[in-house]
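**Student:** One-letter residues, chain by chain:
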Amino acid sequence: MSAAHGDHPKFLQHHFHSAEQQASASKLGMWLFLAQEVLFFGGIFVAYGVLRFLYPETFLAAHAYLDVKMGAINTVILITSSLTMALGVRAAQTNNQKQTVLMLALTILFACGFLVVKYFEYSHKIHVGLVTARSFSATGIAGSPHIFFSLYFAMTGLHGLHVLVGIIVLAWILMRARRGDFSSAYFTPVENAGLYWHLVDLIWIFLFPLLYLVK
Amino acid sequence: MATVTTANGHASEHHEVGSNYLNARKGVLSWLFTLDHKRIGVMYLAGTLFFFMIGGILALLVRTELLTPAGDLFQGDTYNRVFTLHGAIMVFIFIIPSVPAALGNFVLPLMLGTKDVAFPRINLLSFWIWMLGTAFLLYSIIAGSVDTGWTFYTPYSSDPQVGSQAGSAIIWALMGVFILGFSSILTGVNFITTVHKMRAPGMTWTKMPLFIWGIYATAVIQVLATPVLAITLLLLTIERTLGIGIFDPALGGDPVLFQHFFWFYSHPAVYIMILPGMAIISELVTVHSKKNIFGYKPIAYSSMAIAIISFLVWGHHMFTSGQSELASTVFSALTFAVAVPTAIKVFSWVATLYKGSISLNTPMLYCLSFLFLFTIGGLTGLFCSTLATDIHIHDTYFVVAHFHYVMMGGTVIAFLGGLHHWWPKMTGRWYNENWGRFAAALVFIGFNVTFFSQFVLGSQGMPRRYHTYHSASPDLKAIFTKWHQVSTVGSYILAAGLFITLFYLLHSLFRGKKVAEKNPWGAKSLEWLTETPPIEHNFHEEPVCLHGPYDYDEISPDGQGAGADEDDDSPLYLDKKTEAKKAEEPKAEEKKAEEKKAEEPKAEEKKAEEKKAEEKKAEEPKAEAKKAEAKKAEETKAEEKKAEAKAEAKSDDEADKDKK
Numbered sequence: 000m001s002a003a004h005g006d007h008p009k010f011l012q013h014h015f016h017s018a019e020q021q022a023s024a025s026k027l028g029m030w031l032f033l034a035q036e037v038l039f040f041g042g043i044f045v046a047y048g049v050l051r052f053l054y055p056e057t058f059l060a061a062h063a064y065l066d067v068k069m070g071a072i073n074t075v076i077l078i079t080s081s082l083t084m085a086l087g088v089r090a091a092q093t094n095n096q097k098q099t100v101l102m103l104a105l106t107i108l109f110a111c112g113f114l115v116v117k118y119f120e121y122s123h124k125i126h127v128g129l130v131t132a133r134s135f136s137a138t139g140i141a142g143s144p145h146i147f148f149s150l151y152f153a154m155t156g157l158h159g160l161h162v163l164v165g166i167i168v169l170a171w172i173l174m175r176a177r178r179g180d181f182s183s184a185y186f187t188p189v190e191n192a193g194l195y196w197h198l199v200d201l202i203w204i205f206l207f208p209l210l211y212l213v214k
Numbered sequence: 000m001a002t003v004t005t006a007n008g009h010a011s012e013h014h015e016v017g018s019n020y021l022n023a024r025k026g027v028l029s030w031l032f033t034l035d036h037k038r039i040g041v042m043y044l045a046g047t048l049f050f051f052m053i054g055g056i057l058a059l060l061v062r063t064e065l066l067t068p069a070g071d072l073f074q075g076d077t078y079n080r081v082f083t084l085h086g087a088i089m090v091f092i093f094i095i096p097s098v099p100a101a102l103g104n105f106v107l108p109l110m111l112g113t114k115d116v117a118f119p120r121i122n123l124l125s126f127w128i129w130m131l132g133t134a135f136l137l138y139s140i141i142a143g144s145v146d147t148g149w150t151f152y153t154p155y156s157s158d159p160q161v162g163s164q165a166g167s168a169i170i171w172a173l174m175g176v177f178i179l180g181f182s183s184i185l186t187g188v189n190f191i192t193t194v195h196k197m198r199a200p201g202m203t204w205t206k207m208p209l210f211i212w213g214i215y216a217t218a219v220i221q222v223l224a225t226p227v228l229a230i231t232l233l234l235l236t237i238e239r240t241l242g243i244g245i246f247d248p249a250l251g252g253d254p255v256l257f258q259h260f261f262w263f264y265s266h267p268a269v270y271i272m273i274l275p276g277m278a279i280i281s282e283l284v285t286v287h288s289k290k291n292i293f294g295y296k297p298i299a300y301s302s303m304a305i306a307i308i309s310f311l312v313w314g315h316h317m318f319t320s321g322q323s324e325l326a327s328t329v330f331s332a333l334t335f336a337v338a339v340p341t342a343i344k345v346f347s348w349v350a351t352l353y354k355g356s357i358s359l360n361t362p363m364l365y366c367l368s369f370l371f372l373f374t375i376g377g378l379t380g381l382f383c384s385t386l387a388t389d390i391h392i393h394d395t396y397f398v399v400a401h402f403h404y405v406m407m408g409g410t411v412i413a414f415l416g417g418l419h420h421w422w423p424k425m426t427g428r429w430y431n432e433n434w435g436r437f438a439a440a441l442v443f444i445g446f447n448v449t450f451f452s453q454f455v456l457g458s459q460g461m462p463r464r465y466h467t468y469h470s471a472s473p474d475l476k477a478i479f480t481k482w483h484q485v486s487t488v489g490s491y492i493l494a495a496g497l498f499i500t501l502f503y504l505l506h507s508l509f510r511g512k513k514v515a516e517k518n519p520w521g522a523k524s525l526e527w528l529t530e531t532p533p534i535e536h537n538f539h540e541e542p543v544c545l546h547g548p549y550d551y552d553e554i555s556p557d558g559q560g561a562g563a564d565e566d567d568d569s570p571l572y573l574d575k576k577t578e579a580k581k582a583e584e585p586k587a588e589e590k591k592a593e594e595k596k597a598e599e600p601k602a603e604e605k606k607a608e609e610k611k612a613e614e615k616k617a618e619e620p621k622a623e624a625k626k627a628e629a630k631k632a633e634e635t636k637a638e639e640k641k642a643e644a645k646a647e648a649k650s651d652d653e654a655d656k657d658k659k
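Residue numbers (numbering that gives the first Met the number 0), protein chains in the order written: chain B, 0 to 214; chain A, 0 to 659.
In short, the hints are calculated from the structure, not lab data. Be aware that one or more of the hints could be misleading.
[Unchecked claim] Straight-line Cα separation of at most 30 Å, DSS-like style, residue types lysine-lysine; simulated pairs:
1. B/K26 x A/K206
2. A/K354 x A/K296
3. B/K124 x B/K9
4. B/K124 x B/K214
5. B/K26 x A/K296
6. A/K296 x B/K9
7. A/K513 x A/K25
8. A/K512 x A/K289
9. B/K9 x B/K26
Between the sequences and the hints, there should be enough to build the whole structure, so can you do that?
**Tutor:** Right, dumping it as structure tokens:
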């Protein structure tokens with residue numbers, strides 16, 4: 000529907016009056032979407048809280064089996080990716096197409112790096128049987144460690160899925176940036192993708208201490 | 000406000016005579032891939048009404064089984080599946096999308112005076128997701144059918160070894176509801192953004208129709224509550240498949256946690272269902288009594304209050320599930336608090352009717368039905384929120400009757416009222432008014448016979464979700480049998496009323512009298528300003544909102560006629576381009592008139608409008624500076640359009656000559 004009509008900017012959809020209205024509408028929509036994401040993750044965080052309250056010793060004993068080093072590396076990777084994302088938005092706002100593309104590419108790279116680290120963590124856990132309740136086979140941990148590891152997989156798995164979605168979204172934005180869709184007059188998609196990416200980062204910032212740094 | 004004008008490229012579409020959103024494009028694909036909120040609304044309407052019928056037929060099966068104390072129609076397992084399916088379809092597939100996604104989609108942008116919702120693609124996506132979720136939920140029937148009840152309580156739903164849950168049916172159903180939730184969230188995001196960003200110039204928050212307020216409050220709940228259900232069902236699915244020990248007590252989980260999670264969504268969801276119903280009533284009660292709403296702001300703000308309180312009362316579903324007494328007491332007190340904003344609404348509606356010019360047409364009959372039924376539903380809610388009485392009536396037919404009075408007697412009745420109210424605008428056809436009234440009466444009677452008797456059953460101790468009823472005492476059994484039979488007969492009357500409605504509405508689509516006027520009810524909100532049925536882009540030119548949505552000055556509270564402060568019968572909203580066009584383009588006007596075969600009323604309208612336009616001009620100096628500026632901009636625009644229109648008229652004439 001965004002076909003050009005004479006004096007119309009190409010990106011302006013027909014049902015909006017102005018680029019400003021379109022931009023503020025899509026940003027509000029994005030924030031609302033993020034609000035529902037927060038509540039979505041809120042549920043699983045509450046579950047974590049309740050179960051940790053029910054099994055404090057288990058959580059303490061089981062968390063030692065997570066690899067803090069890998070978790071820390073991933074934390075650094077994600078925070079850096081948030082920086083490159085922010086720089087990418089800035090570059091789009093200042094008409095710097097080359098830098099926009101570069102920064103988006105870097106962000107995607109970091110996101111992939113995060114998943115690679117996660118893959119090594121997961122495969123190790125699965126290998127030693129630290130998995131969800133029904134197939135849990137590791138021994139020697141006090142309490143009901145399967146609950147901790149179930150939560151670990153549920154929470155980081157859900158987060159990992161969001162990272163994956165982020166990569167897809169960022170790749171799409173990257174493609175559009177290369178095509179030259181964005182300028183100082185129109186950069187909302189970059190900004191919105193950035194907002195999403197920051198939220199994904201933020202959730203990890205909570206997951207890391209809750210799971211890896213119980214003590 | 001109006002900086003960039005409407006796209007010139009669309010102008011030609013606007014000018015096509017007799018073109019509307021229904022016939023502007025043809026073919027099934029033009030519907031399935033449409034971005035037009037009106038078409039999406041109509042598709043939602045068709046879909047939800049279809050599943051209303053399916054869910055209703057399942058309810059009839061349940062009622063028929065209960066005619067006799069013995070289980071002669073179904074085995075217990077089948078009965079459980081039937082009532083689960085009835086509940087799940089009615090709640091997740093029908094009621095939740097019915098008013099917001101079906102009627103709301105159609106009406107909301109029109110009421111706001113905008114061309115579409117903020118995100119038309121997401122709007123279409125939400126409909127597709129709704130179909131996908133529905134498909135999943137229906138597939139669960141083939142996969143073995145769920146018998147947990149629509150609430151999917153753990154541990155029954157989480158244990159793969161129990162009963163009919165052994166199959167994969169429950170997973171399909173959970174995923175179906177999970178997916179349906181996304182559809183609901185997307186609709187909510189879309190509507191909130193649309194209300195915030197897309198209102199017509201001059202439409203402040205307190206000049207919005209109350210329908211918008213209700214839908215807005217609903218959308219807030221949809222966005223904030225539904226994701227909690229999503230994560231809950233997702234966790235339950237993982238619990239079922241991999242075993243994570245969150246809900247399953249056998250693995251160390253807490254089944255009551257599931258109830259907390261579930262009701263954290265599903266109680267607000269009750270208000271996702273009723274707030275849109277209330278929103279519709281706020282419209283019907285003014286339009287069909289030709290009287291300004293009593294207490295605009297209290298009604299608007301009470302919608303928001305209900306939305307907020309709705310998040311704080313979920314524990315009243317769990318008084319008997321072992322939560323702490325303190326928690327129960329707090330939840331009980333908070334639940335009573337819901338009665339305050341709700342009562343504000345009901346009193347305001349009744350006060351609106353007082354000394355109004357009430358037309359007892361079909362929409363108004365549904366509106367009055369709502370006032371009775373919803374009040375009964377609301378007041379019996381107080382019995383349930385009182386801790387001591389709730390222990391007695393918990394899980395009995397009293398609760399069943401209570402929530403049917405609110406959900407069906409409230410939301411569905413309001414939905415039917417709204418459907419009849421906007422039907423002429425949506426379809427351009429009149430339904431048969433006499434059949435409409437008759438059916439409304441049947442629905443009202445049938446509903447009360449069906450569900451009032453269940454209050455009696457419940458108070459006598461008849462538990463819900465049983466397919467047989469054998470009591471130790473023969474007296475009690477006789478009482479149960481009698482009232483169950485009354486209830487079942489009532490359900491047949493109710494069904495008769497609803498099927499009659501279905502038939503005359505379908506009939507009206509093909510044989511109904513065409514709606515000649517834009518505003519058959521004489522309403523004041525913007526959706527009545529456009530053509531009937533609306534043109535593809537809603538308005539010829541963006542309307543400007545100058546007055547409140549219910550400024551009926553024919554009748555004022557003291558019976559004195561026009562309000563003193565307002566300029567008599569000036570139009571409340573102006574569709575400027577149309578006016579300009581009509582004044583300056585008699586040729587095109589005549590052509591239109593010829594085709595519509597309605598010359599005389601048109602001419603009269605034209606005169607009236609010219610008169611209005613004059614008055615409008617006289618009024619201008621009064622307007623604030625800002626408004627004046629906006630108008631100026633629009634006038635120049637109108638002139639440009641005029642030139643265009645003339646050019647077009649010429650080419651039209653030439654085309655005509657060519658044809659000849």
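**Student:** Next, verify each hint and record whether it holds.
**Tutor:** So, going through the hints one by one against the coordinates:
no.: 1; hint: B/K26 x A/K206; result: holds, 25 Å
no.: 2; hint: A/K354 x A/K296; result: holds, 20 Å
no.: 3; hint: B/K124 x B/K9; result: violated, 51 Å
no.: 4; hint: B/K124 x B/K214; result: holds, 20 Å
no.: 5; hint: B/K26 x A/K296; result: holds, 29 Å
no.: 6; hint: A/K296 x B/K9; result: violated, 41 Å
no.: 7; hint: A/K513 x A/K25; result: holds, 21 Å
no.: 8; hint: A/K512 x A/K289; result: holds, 24 Å
no.: 9; hint: B/K9 x B/K26; result: holds, 19 Å
Violated hints, listed in ascending order, are 3, 6; each of the other numbered hints is respected by the structure.
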